[in-house]
Amino acid sequence: MWIIIKALGYFVEFLELMILIRVIMSWVPNARYSRFYDIVYSLTEPILGPVRDLMFRYLNTGPIDFSPIIAYFLIKIVYQVLVRILIGVAF
Numbered sequence: 447m448w449i450i451i452k453a454l455g456y457f458v459e460f461l462e463l464m465i466l467i468r469v470i471m472s473w474v475p476n477a478r479y480s481r482f483y484d485i486v487y488s489l490t491e492p493i494l495g496p497v498r499d500l501m502f503r504y505l506n507t508g509p510i511d512f513s514p515i516i517a518y519f520l521i522k523i524v525y526q527v528l529v530r531i532l533i534g535v536a537f
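Mapping the sequence shown onto our numbering, position 4 (from 1) lands on 450, and the numbers just tick up by one.
Hints may be right or wrong, so weigh each one.
Unchecked claim - Distance ranges between label pairs, derived from CB positions:
no., residue 1, residue 2, range
1, I449, Q526, 14 to 20 Å
2, R478, M447, 38 to 44 Å
3, F482, G508, 26 to 32 Å
In short, the hints are calculated from the structure, not lab data. For every residue, glycine included, the Cβ atom is placed at its ideal position computed from N, Cα and C.
Could you put the whole structure together from the sequences, leaning on the hints where they help?
Next comes the structure, spelled out in structure tokens:
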């Protein structure tokens with residue numbers, strides 16, 4: 447069970463890193479035209495897209511995109527819940 451929890455932790459850290467890289471690359475001119483950005487975008491958009499849609503539908507955030515921050519906290523919350531469930535199943 448600990449292997450699953452550890453693998454899940456590595457996956458969460460990877461997602462967080464990809465979101466951070468995407469945020470930083472959004473500040474760099476012409477970064478959107480690189481192959482690396484395409485990879486980061488394809489890995490993070492399934493998470494950030496729905497969060498962004500919900501935020502624009504229910505919150506008026508204006509031109510600032512807070513979806514990476516919200517997605518980061520949602521990933522952390524889901525991870526903590528899953529870890530508690532897995533620990534509860536293991537013991």
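Evaluated hints:
Judged by the Cβ atoms, the range 14 to 20 Å given for I449 and Q526 holds: they are separated by roughly 18 Å. A C-beta distance of roughly 41 Å is found between R478 and M447, which places it inside the suggested range of 38 to 44 Å. Remark: the range hint 26 to 32 Å for F482 to G508 is upheld by a beta-carbon distance near 29 Å.
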